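Trainee: The chain contents come next:
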Amino acid sequence: GAGVSQTPSNKVTEKGKYVELRCDPISGHTALYWYRQSLGQGPEFLIYFQGTGAADDSGLPNDRFFAVRPEGSVSTLKIQRTERGDSAVYLCASSLTVRAEQYFGPGTRLTVT
Amino acid sequence: AQSVTQLDSQVPVFEEAPVELRCNYSSSVSVYLFWYVQYPNQGLQLLLKYLSGSTLVKGINGFEAEFNKSQTSFHLRKPSVHISDTAEYFCAAYNQAGTALIFGKGTTLSVSS
Numbered sequence: 108g109a110g111v112s113q114t115p116s117n118k119v120t121e122k123g124k125y126v127e128l129r130c131d132p133i134s135g136h137t138a139l140y141w142y143r144q145s146l147g148q149g150p151e152f153l154i155y156f157q158g159t160g161a162a163d164d165s166g167l168p169n170d171r172f173f174a175v176r177p178e179g180s181v182s183t184l185k186i187q188r189t190e191r192g193d194s195a196v197y198l199c200a201s202s203l204t205v206r207a208e209q210y211f212g213p214g215t216r217l218t219v220t
Numbered sequence: 009a010q011s012v013t014q015l016d017s018q019v020p021v022f023e024e025a026p027v028e029l030r031c032n033y034s035s036s037v038s039v040y041l042f043w044y045v046q047y048p049n050q051g052l053q054l055l056l057k058y059l060s061g062s063t064l065v066k067g068i069n070g071f072e073a074e075f076n077k078s079q080t081s082f083h084l085r086k087p088s089v090h091i092s093d094t095a096e097y098f099c100a101a102y103n104q105a106g107t108a109l110i111f112g113k114g115t116t117l118s119v120s121s
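One line per chain: the protein sequences are G and B, in this order.
Heads up: the first sequence runs through residues 108 to 220, numbered per the numbering used here.
Heads up: the second sequence runs through residues 9 to 121, numbered per the numbering used here.
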């Protein structure tokens, strides 16, 4: 079956601009997660959705970052006033239930110039 | 603090040799443990998981891991590696709340002939 998909695969933007990153989870997975991976590091948690609600957003670095999942399926990560330090690969994952294995998408590589 | 520690940042081995990639977790994380592999320019792929039950877990591509509660370890092993196993390997554990995976910094496995 189809895995987790993310678009775009690459995004280059100028400092100060607004960007949206999209994640389409595996069908039927109620849990959705966003992570950020910098070069040479493991993924770092950003936010977790159970259904439509953000059950844990403790990993969002500041209020420039926001994510939604309005219908309990597709999610969008939104970054306002991008900074060069936001450059990273943004990973999305989904799982069937809580505390289950997470399946990752290929990621969106964000470069802020 | 909740943490996962991968003790080796790089492991070089020759083809057909055995390999062990070490992972320790803090006592404050959940014992829902995972190993993921990341090939160059690809997303994370699940290798194996420990959720409960037998402490020896078998995964894909001939890998296995042993959960050791007393030593808070979850080391990954393969008896004979191939060139194609060259990749970045990440150990991960759910946080206590079960809302996020905490990743180690990764181990680069380099297999040469």
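Some hints could be false.
[As the list claims (entries may be wrong)] Computed list of chain B residues with no C-beta within reach of chain G, every gap over 12 angstroms:
| hint | residue |
| --- | --- |
| 1 | Gln14 |
| 2 | Ser17 |
| 3 | Gln46 |
| 4 | Asn49 |
| 5 | Ser62 |
| 6 | Thr63 |
| 7 | Lys66 |
| 8 | Glu74 |
| 9 | Arg85 |
| 10 | Ser92 |
| 11 | Asp93 |
| 12 | Glu96 |
| 13 | Asn103 |
| 14 | Thr116 |
| 15 | Ser118 |
[To be verified] Cross-link-like lysine-lysine pairs, in silico, DSBU-like; alpha carbons within 35 angstroms at most:
| hint | chain 1 | residue 1 | chain 2 | residue 2 |
| --- | --- | --- | --- | --- |
| 16 | G | Lys118 | B | Lys77 |
| 17 | G | Lys185 | B | Lys113 |
| 18 | B | Lys113 | B | Lys57 |
| 19 | B | Lys57 | G | Lys185 |
| 20 | G | Lys124 | G | Lys185 |
| 21 | G | Lys122 | B | Lys77 |
| 22 | B | Lys66 | B | Lys77 |
| 23 | B | Lys113 | B | Lys77 |
| 24 | B | Lys57 | B | Lys77 |
| 25 | B | Lys66 | B | Lys113 |
| 26 | G | Lys124 | B | Lys57 |
| 27 | G | Lys185 | G | Lys118 |
| 28 | G | Lys185 | G | Lys122 |
| 29 | B | Lys113 | G | Lys118 |
Simulated from the structure, these hints should not be mistaken for laboratory data.
Everything numeric in this text was worked out from a predicted model, so none of it was measured.
All C-beta atoms in this analysis are idealised placements derived from N, C-alpha and C, irrespective of residue type, glycine included.
Trainee: Each hint: holds or not?
Mentor: These are the hints, each one checked on the structure:
no. : hint                   : verdict
1   : Gln14                  : 8 angstroms, violated
2   : Ser17                  : 9 angstroms, violated
3   : Gln46                  : 9 angstroms, violated
4   : Asn49                  : 9 angstroms, violated
5   : Ser62                  : 17 angstroms, holds
6   : Thr63                  : 18 angstroms, holds
7   : Lys66                  : 15 angstroms, holds
8   : Glu74                  : 18 angstroms, holds
9   : Arg85                  : 20 angstroms, holds
10  : Ser92                  : 19 angstroms, holds
11  : Asp93                  : 19 angstroms, holds
12  : Glu96                  : 9 angstroms, violated
13  : Asn103                 : 8 angstroms, violated
14  : Thr116                 : 9 angstroms, violated
15  : Ser118                 : 15 angstroms, holds
16  : Lys118/G with Lys77/B  : 43 angstroms, violated
17  : Lys185/G with Lys113/B : 26 angstroms, holds
18  : Lys113/B with Lys57/B  : 18 angstroms, holds
19  : Lys57/B with Lys185/G  : 31 angstroms, holds
20  : Lys124/G with Lys185/G : 11 angstroms, holds
21  : Lys122/G with Lys77/B  : 47 angstroms, violated
22  : Lys66/B with Lys77/B   : 17 angstroms, holds
23  : Lys113/B with Lys77/B  : 21 angstroms, holds
24  : Lys57/B with Lys77/B   : 15 angstroms, holds
25  : Lys66/B with Lys113/B  : 23 angstroms, holds
26  : Lys124/G with Lys57/B  : 40 angstroms, violated
27  : Lys185/G with Lys118/G : 13 angstroms, holds
28  : Lys185/G with Lys122/G : 14 angstroms, holds
29  : Lys113/B with Lys118/G : 25 angstroms, holds
The structure is inconsistent with the numbered hints 1, 2, 3, 4, 12, 13, 14, 16, 21 and 26, although it conforms to all the rest.
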